[in-house]
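Order-wise, the sequence lines are chains A and B.
The first sequence maps to residues 1 to 134 in this note's numbering.
The second sequence maps to residues 1 to 148 in this note's numbering.
The hints are simulated quantities; they were obtained by calculation from the structure and are not laboratory data.
For glycine and all other residues, C-beta sits at the position ideal for the given N, C-alpha and C.
Keep in mind that the hints are not guaranteed to be accurate.
[Claimed, not checked] Stretches of chain A that chain B covers, calculated by requiring three or more beta carbons in the stretch to come under 8 Å of a beta carbon on chain B:
no. : segment
1   : 14 to 28
2   : 70 to 80
3   : 104 to 114
[To be verified] Here are the simulated distance ranges between beta carbons:
no. : chain 1 : residue 1 : chain 2 : residue 2 : range
4   : B       : Glu110    : A       : Val42     : 36 to 44 Å
5   : B       : Glu110    : A       : Asp112    : 19 to 27 Å
6   : A       : Asn2      : B       : Glu114    : 41 to 49 Å
7   : B       : Pro51     : A       : Pro45     : 28 to 36 Å
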Amino acid sequence: MNVGDELARREIAVDRARLVRYAGASGDFNPIHWNDRVARDVGLPGVIAHGMWTMGAAVDVVVDALGDPGAVLDYQVRFSRPVPVPDPGEAVLTVVATVGAVDPQVQTARVDLQVTLDGQRVLGKAQAVVRLPA
Amino acid sequence: MRVDPSFAGRVYPPTGVYEVARTAVAAFAEATGASHSAYTDPAAAQALGHPDVIAPPTFAVVVAQAAEAQYIADPAAGVDFSRVVHADERFTHHRPIRAGDRLVTVLHVESVTERAGISLVSTRCEIADESGEPVSTVRSTLAVRGEG
């Protein structure tokens, strides 16, 4: 693993049904993630994805590249732009994971995630610190 | 309603136990599109050195959210949920969360600051197992828009 290497890349689709599943699995029932009326009342264009759904879906690209979910030691993001989810239809995110730094002393690497919707970043400073495979 | 800055520094008593169920881990993995076998198959998890199925890297939010509600849902805190936007989130895992864990969380209100009419509320959840072994640290910041 070298700095600058592209570790993985994936397109991820999200529709309203996916958000309902995430709401149930996570316990986050904020209506802005399933009710257009409530979302518009608070100034959003309509229902948006849970930021935590986007965060969770994005890191899966890193997990699959490493082969062990337990290798993700630290993971942080900033939520920089909402992800509107149309109905009918779906939003499609592009996730690109790149090696940002390698620390051979402690056998870890920093993986930088670029997560975009229609070419615009929806997450800022999305970084995972991972344990390097032995 | 105004976010009360005097909550900064507050530390809440440990939560009740959150018991991690295999079914909850599997449902969370499925909802985020995660298909790694270590989330659903104990043998696959054991092959990687884990005692049981492990949870995806962001599963700890389920545990943290419940603890954060002690603060966020307190009317005295002044956090109007209809004006809240999630600003950032960070997980530091001391070890993976796994099925069968009995987790206890201590919530810290790290800071409450205001700039340009937006209040930033930062919390830290220290998640440990019942014996006190640290499992995960979850940091979260909410941005609360002022009225008008």
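How the hints compare with the structure:
no. : hint                             : result
1   : 14 to 28                         : holds (count 8)
2   : 70 to 80                         : holds (count 9)
3   : 104 to 114                       : violated (count 0)
4   : Glu110/B to Val42/A: 36 to 44 Å  : 25 Å, violated
5   : Glu110/B to Asp112/A: 19 to 27 Å : 25 Å, holds
6   : Asn2/A to Glu114/B: 41 to 49 Å   : 43 Å, holds
7   : Pro51/B to Pro45/A: 28 to 36 Å   : 45 Å, violated
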